[in-house]
Amino acid sequence: MGGIVSPGFRGRRGVEGGEVRLPPGQYLTEDFPVLTAGPTLRVPTDTWEFVIVTETGEKHRWDWQQLMALPSERPTVDLHCVTKWSKLHTSWQGVSLDVLLEGVDTAADYAMVHSYGGYTTNLPYEDLLHGQAWIAYKFDGEDLTPEHGGPARLLVPHLYLWKSAKWVRGITLTDEDTPGFWESAGYHDYGDPWREQRYQGD
Amino acid sequence: MELFSDDFTDGNALAGPLREIFAVDMTTATGRCAGCGDEGPVAGMKVYAHAPGLVARCPSCQQVLMRLVRGPSSAWLDLRGTMSLRIPMPAE
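The listed protein sequences correspond, in order, to chains A and B.
Under numbering that gives the first Met the number 0, the final residue of the first sequence carries the number 201; numbering is consecutive throughout.
Under numbering that gives the first Met the number 0, the final residue of the second sequence carries the number 91; numbering is consecutive throughout.
Calculated directly from the structure, the hints in this document are not laboratory data.
We treat Cβ as the ideally placed atom computed from N, Cα and C, and that holds for glycine.
Any given hint could turn out to be false.
[Stated by the list, open to error] Over the 12 Å line for every Cβ pair with chain B, so calculated as not near, a few chain A residues:
#, residue
1, Leu34
2, Ser71
3, Pro74
4, Val76
5, Glu141
6, Thr144
7, Tyr189
[To be verified] Just the calculated beta-carbon pair ranges, DEER-fashion:
#, chain 1, residue 1, chain 2, residue 2, range
8, B, Gly39, A, Pro123, 14 to 24 Å
9, B, Ser4, A, Gln65, 42 to 52 Å
10, B, Gly39, A, Gly130, 45 to 55 Å
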């Protein structure tokens, strides 16, 4: 990257064919850098809600207690941030989107993820399915802190981390692809770290 | 919702990055927020720099005024949250 945005995070470079395999251009970090496009909000769980809206306008709503009552999973995943740090073997707990979308009748091709505070990010609907995405509320066995997106964030670790929206509030399913917060300002529409899809045109 | 933390710097952080693009110092330009209509210097914007790009917000209403992303061979400047920029110019 050029002079404007310094990654600012340094770590051991992954060795191709060695013990650590990292996507191209990524560096390992052991800590958990906090990136945010605005102030960090504390969203109380007593008013928290998560809403899926289909392309026909049908709404599916969960409050915090309902989310907690759903079966959860404990994925261990690698995180790859577009600012070039990667953090490996992170432990989460959350509800798979497969569970949340089970009773949702949709033929949508795309999803727009919305957060408390106004952040958005888009991805293909398929990328929410088949054990690839969770609404995560615990990290390393502890409640997810506000700085890392608590009480709950989207976790889609096969894409760059800007897609794993913090403070997630809902998902709108659509027929058309619409770019989100970073996708409309130069970042790649899909963001596959293994194909190094950082910017539009990559 | 209440504020948990607010890790921003002022709009002077935009000086260098914008000088890469514009011929004049943009931090003394006056921006008008498309959200609340407040006017103020670019240097007075709230800038969130620990992000994939620079995000400048209105100090009055938090609306995103500017997004600046620098790729290796392009810069993207999104100004949809800014209604106008008044830029001081040398007298003709």
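Right, here's what the structure says about each hint:
no.: 1; hint: Leu34; result: violated (5 Å)
no.: 2; hint: Ser71; result: holds (24 Å)
no.: 3; hint: Pro74; result: holds (24 Å)
no.: 4; hint: Val76; result: holds (20 Å)
no.: 5; hint: Glu141; result: holds (16 Å)
no.: 6; hint: Thr144; result: violated (9 Å)
no.: 7; hint: Tyr189; result: holds (15 Å)
no.: 8; hint: B:Gly39 - A:Pro123: 14 to 24 Å; result: violated (40 Å)
no.: 9; hint: B:Ser4 - A:Gln65: 42 to 52 Å; result: violated (29 Å)
no.: 10; hint: B:Gly39 - A:Gly130: 45 to 55 Å; result: holds (48 Å)
Checked against the numbered hints given earlier, this structure breaks hints 1, 6, 8 and 9; the rest are met.
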